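Those protein sequences? They're chains A and L, same order as listed. Counting with the numbering used here, you get residues 109 to 531 for the letters of the first sequence. Counting with the numbering used here, you get residues 1450 to 1562 for the letters of the second sequence.
These aren't lab readings, by the way, just hints derived from the structure by calculation. Note that the structure is a prediction, hence the values are computed from the model and not measured. Errors might be hidden in some of the hints.
Here are the simulated DSSO-like pairs of lysine-lysine, each with C-alpha atoms no more than 30 Å apart in a straight line [as the list claims (entries may be wrong)]:
id : chain 1 : residue 1 : chain 2 : residue 2
1  : L       : LYS1531   : A       : LYS172
2  : A       : LYS172    : L       : LYS1541
3  : A       : LYS271    : L       : LYS1468
4  : L       : LYS1468   : L       : LYS1541
5  : A       : LYS424    : A       : LYS388
6  : L       : LYS1468   : A       : LYS172
7  : L       : LYS1471   : A       : LYS265
8  : L       : LYS1471   : L       : LYS1534
9  : L       : LYS1541   : A       : LYS265
10 : A       : LYS265    : A       : LYS278
11 : L       : LYS1541   : L       : LYS1475
12 : L       : LYS1534   : A       : LYS172
13 : A       : LYS424    : A       : LYS271
14 : L       : LYS1468   : A       : LYS216
15 : L       : LYS1519   : L       : LYS1531
16 : A       : LYS172    : L       : LYS1519
17 : L       : LYS1471   : A       : LYS271
18 : L       : LYS1541   : L       : LYS1531
19 : L       : LYS1471   : A       : LYS216
20 : A       : LYS271    : A       : LYS216
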Amino acid sequence: MEPSDHLFRHESGRLVATLTRIFGVHNLTMAEDVVQDAFRRALEVWKFRGVPDNPSAWLMATAKNRAFDVLRRERTERTFAPELERSLHSEWTLVPAVEEAFGPNAIKDDLLRVMFSCCHPRLPEVAQVSLVLHILCGFSIDEVASAFVSSGAAIEKRIQRAKNVLARSKRLFDVTSPADFAVRLPAVHRALYLLFNEGYHGASSESTVRSELCEEAMRLLAILLQHPLGSTPTTYALTALMCLNSARLPARVDASGNLNNLFSQDRSLWDQTLVREGLKFLELSASGFDLSEYHVEAAIASMHATASRTEDTNWKEIVTLYDTLMAIRPSPVVALNRAIAIAQRDGPGRGLEEIRAIEGRDRLSAYPFYHAALGELEFRSGEYEAAREHFRAAISLARSSMEHRFLEQRVCACEESIRSFNA
Amino acid sequence: MSEFTFMYRGRELPESPEKMQKHMEKWRAWFKELESNGHIKDLGHALESSGKVVAGKQKVVSDGPYAEAKDVVGGYTLIEAKDLKHAAELAKGCPILEAGGSVEVRPVQQVSM
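Same shape as in the complex, but just chain A (with noise of 0.2 Å):
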């Protein structure tokens, strides 16, 4: 049989959960070197009798066994999993012991571990989302980097650094304590957000290692919401953001590699079952009494998602909820979409006013989105000698040769609009 599209990523990220939880959090890197281990055999045998029935379970079969080696061969040295240690070094014990962290619900809980490990409190947030990349989504270190345009050696300090942070504190999180678990619940919700945006608004410049990432999102948060305590209205509203938001993924770049943004984008491209899907775990978000940014901004992405025409978008009621998220959580960039938004409802010369009032606005001078989002608005105020700088100015800080090449299109826009009207 055919292994399914990256069997190999999303079962390291399984066993690599698996294995941290009996060998402890402090031994993350003996796990990694056992399943990369089990992977090197499965490339050995499977390219001679061709991949088995069960994948999953021969690469599992495989690990366990590794690991089991590894037990033996290390338990006077080194210490494993605290709540295992005594299981483990006696051969009555050790068996049933590790057969029962393979077991299927052990396994689904110790990827939720693992996650709600990498958000630890005292890491910063892109560190976090490096981490979960690297660990359950089986990124290495070199694609970890090219998700974030950063270096290799970058990459691979941060992750060091962060792996240091989780081996001193000895245990994984215990997602059975419902009230940890919601103590920690808003970090998990905002690196998966925070993955999922890095795939959707990103820098790189490659649309397979974006929809990867937004895909690598969406899984985790699936296991998040098999959860008892995961299912939270806004886990819901943080499910139905990205549905909603990946329905338009397959518009945004055109055919021949350029990017569209939302006004001339063909919606017939829009993705209606994730639509449909998003428009659901909507619904289901709307329950208690948490109103969280998610909630906010999957309300704004059904209001895109529901309009057939640019036209037919209702930018007041858009409007009004970037003033509910400027409440809940005000930002630089929320009051520049809330801007755009207003400049779509009352016209460009609103909007610019705006943005010109935004506070902390010089923060956002490194955001080449705010400089076509003014020079978009100058534009259409019939200003296109301002609109061309601007323009410029974003050309300058494009990440990638895909937002270069819009930014430049604008800028032949903009000239050609100038000569027309000195003509």
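The hints should help you fit chain L onto chain A, whose structure is shown.
Here is chain L on its own, set in the frame of chain A:
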């Protein structure tokens, strides 16, 4: 048609699970292509890298062979091809070459009675 042995030398260690899977799939595709063109006499086996070496009249058994990573024979296949040139041409498709390894192509001696 004559018979040849392909011996695959060198350890392949793609640095990520994704790349390992891709690499394994390339091997599958290569074997499939050889098979559908009737070149596979026996697919052969992957070999463990550890083993024993028995040597000399004293029949000394030692661990080994401890070849350098690039020389380790990781597996073999029996191939049918027109001649040595043709067999070597077929070996050019082997994915081990992309991983820095090599394929040793050796004609099986034909015994004419």
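Would the pair LYS1471(L) and LYS271(A) pass a check requiring their Cα atoms to be no farther apart than 30 Å?
-> holds, 28 Å
Would you mind confirming whether the straight-line C-alpha gap from LYS424(A) to LYS271(A) stays at or under 30 Å?
-> Given pair LYS424(A), LYS271(A) is violated - Cα atoms ~47 Å apart, limit 30 Å.
Starting from LYS1468(L), check that the Cα of LYS1541(L) is at most 30 Å away, please.
-> holds, 20 Å
When you check the alpha-carbon spacing of LYS1471(L) and LYS216(A), does it fall within 30 Å?
-> Answer holds: LYS1471(L) to LYS216(A) is near 26 Å, not above 30 Å.
Take a quick look at whether LYS1531(L) and LYS172(A) sit within 30 Å of each other, Cα to Cα.
-> violated, 45 Å
Could you grab the alpha-carbon distance between LYS1468(L) and LYS172(A) and see if it respects the 30 Å cut-off?
-> This hinted pair holds, its Cα atoms lying about 22 Å apart.
Given the hint that LYS1534(L) pairs with LYS172(A), test it: the Cα-Cα distance must not exceed 30 Å.
-> violated, 45 Å
Measure nothing beyond the straight line between the CA atoms of LYS265(A) and LYS278(A); if it is 30 Å or shorter, mark the hint as holding.
-> holds, 21 Å
Compare the distance between the alpha carbons of LYS1541(L) and LYS265(A) with 30 Å, and conclude whether the hinted pair is satisfied.
-> violated, 39 Å
Would the pair LYS1541(L) and LYS1531(L) pass a check requiring their Cα atoms to be no farther apart than 30 Å?
-> holds, 15 Å
Are the Cα positions of LYS1471(L) and LYS1534(L) separated by 30 Å at most?
-> With Cα atoms ~29 Å apart, LYS1471(L) and LYS1534(L) stay inside 30 Å; holds.
Taken at face value, is the distance from the CA of LYS1475(L) to the CA of LYS1541(L) at most 30 Å?
-> At roughly 13 Å apart (the allowed maximum being 30 Å), LYS1475(L) and LYS1541(L) satisfy the hint.
When held up to the earlier numbered hints, the structure conflicts with 1, 2, 9, 12 and 13 and fits the remainder.
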